[in-house]
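Chains as they are written, first to last, in the working numbering: chain F, 1 to 180; chain A, 1001 to 1187; chain X, 2001 to 2169.
Quick caveat, the hints were computed from the structure, so don't treat them as lab data. A portion of the hints provided could be inaccurate.
Derived DSBU-like pairs (lysine-lysine); straight-line CA-CA distance at most 30 angstroms [what the hints assert, rightly or not]:
(1) K30/F - K1075/A
(2) K2066/X - K2012/X
(3) K1078/A - K30/F
(4) K2012/X - K2070/X
(5) K1126/A - K30/F
(6) K2012/X - K2061/X
(7) K30/F - K1081/A
The structure presented is a predicted model; accordingly, all values stated were derived computationally and were not measured.
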Amino acid sequence: MTLEQVFGLYNYWVVICLMMTGFYIVIARKNMIKTVIGLNIFQTSVVLLYITMGKVTGGTAPIIPPEIAAQHAESHGHEDGHTGHDAHVDHAEHADHVSEAGYEATDAVVHHGVEAAEAAELIYSNPLPSVLMLTAIVVGIATTALALALIVRIGEDYGTVEEDEIQLINRREQPNKRAS
Amino acid sequence: MFVSLFILTLLVVTAISIARIRDLWAAVMFTGIFSFLGACWMLILDAPDVAFTEAAVGAGISTFLMLGTLALAGKKEKPTKGSPLVPLIVVGVTGAALIYGTLDMPHFGDPNSPVQTRIQPSFVEKSQPDMHGLPNVVTALLGSYRGYDTLGETAVIFTAGIAVILILRRSSTEAFGSGSTPKKGSK
Amino acid sequence: MDSFPIIRVVAKLIIPYILLFGFYVQFHGDFGPGGGFQAGVILASALILYGLVFGLPAVKKVAPPKLIEKLIALGLLIYAGTGFLTMLCGKAKDGDHAEHGRAMANFLDYGALDHHFLPGILPHGQHLGIFMIEFGVGITVTAVMTMIFYCFAGRHPETNSASSTEATP
């Protein structure tokens, strides 16, 4: 294992460390609220794992600076002048026209991958992991809320939120079920 | 580099203290701190949208929800009886397997990794002509290219909201009555 | 909470700014970081702060649960409705409608919204579509988060007078 590897992969290792801490909390702790906390940690570290993959060295956030974006808006504004309110212009042609006007403006700036290092002034990190993880975070809070609601109900019915005590109560109340 | 190493150290320390601490109240607070540190690191990793969401959702609403649950279901965690050896072994083996898996991964920030090169032209290039100069590529991706996905996500939130109402709302006689009936009475 | 005047005053001072920031994030999400989810959570957190400081009945007067219930569904309907709107007004983006006689755009194909509504005032095309769905998402998220707060707080025996988190069971 070389030093280069260590510097290239340390982010994954830290994230795995966090993930395993969350995993440990989930399997070792019997308190349900603590389990949900562990799941939350696990989820955050998975999000971090994806986000580290999207990073490009020397890159910046995938938000186009206003000047460059304005050029595109203008090129579209010109289109407005030609077509006016007419929405029946052929869409394929429309797209071609805009992209021709647009590509020249962006070509020097918005490059990606290998050419990025040489040709471009601005490199953008990958927006795709960000989008996927946005979805994951929001779904995560929805499921967390649901889990906590269930825990509240369990706590009200059993008087405890410890897994082993709940199992004990269940066994005491239904001895026949255990026998069968 | 040093900032991100500092944040990563803090993240690991916070995670381990959450695992060790018995007081659930403190654990919930540490979870909020953990989310916030995670958001800081995401900001360094050029994902301001995700960092924003994580700070608002993870450190804000989620902490609040857990505190609300604690108030209803007890604040102390009972000490675990069994030895922590078996979970530690499981976690160690899983972690070792995952670390072995990372050895083939592209290095951090590598512009030639498959993540960066697979989709050509990239979404950043494509979105400018497509969106007529919408500056935030993440919003464009979320709303337009992955519009169905976001629709499904909204549906998930909707469903979760309905489910929480079904689980926690009191029976119809006192339902929301607890808020609205006294109000009517007072008028 | 009557005995904490500082908290009451500070909460009253900052709640308008939280709301303002929430709306900024909602409507500026196309240009900078932000969008419907973040805005929804921020707006809901303003309501939750109000509820924590001034009690559940006070916040239920501001945002009645009946209304919040409807908003949960309304946001999702706005999102899905945008999809049907694009289907209704516009043609397919790939321009093959001429050959196949197809007069409809795809679900959520915002290109179809070009120049249909108030040209010159509203943004159009993709921009308008993204704006509308973000608006729907914002409404749903605000309503769901507020509703979850009502549910958790309404569970508590003493909620009607005090905050949900401070009293001991």
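Status of the hints after comparison with the structure:
1. With a C-alpha separation of about 14 angstroms, the suggested pair K30/F and K1075/A falls inside the 30 angstroms cut-off, and the hint holds.
2. The hinted pair formed by K2066/X and K2012/X meets the criterion: a straight-line CA distance of about 25 angstroms does not exceed 30 angstroms.
3. Only pairs whose Cα atoms come within 30 angstroms are accepted, and K1078/A paired with K30/F is accepted, the gap being roughly 8 angstroms.
4. Restraint check for K2012/X and K2070/X: satisfied, since their Cα atoms lie roughly 27 angstroms apart, inside the 30 angstroms limit.
5. Taking the CA atoms of K1126/A and K30/F, the gap is near 49 angstroms; set against the 30 angstroms cutoff, the hint is violated.
6. Only pairs whose Cα atoms come within 30 angstroms are accepted, and K2012/X paired with K2061/X is accepted, the gap being roughly 16 angstroms.
7. Straight-line distance between C-alpha atoms of K30/F and K1081/A comes to about 9 angstroms, which keeps the hinted pair within the 30 angstroms bound.
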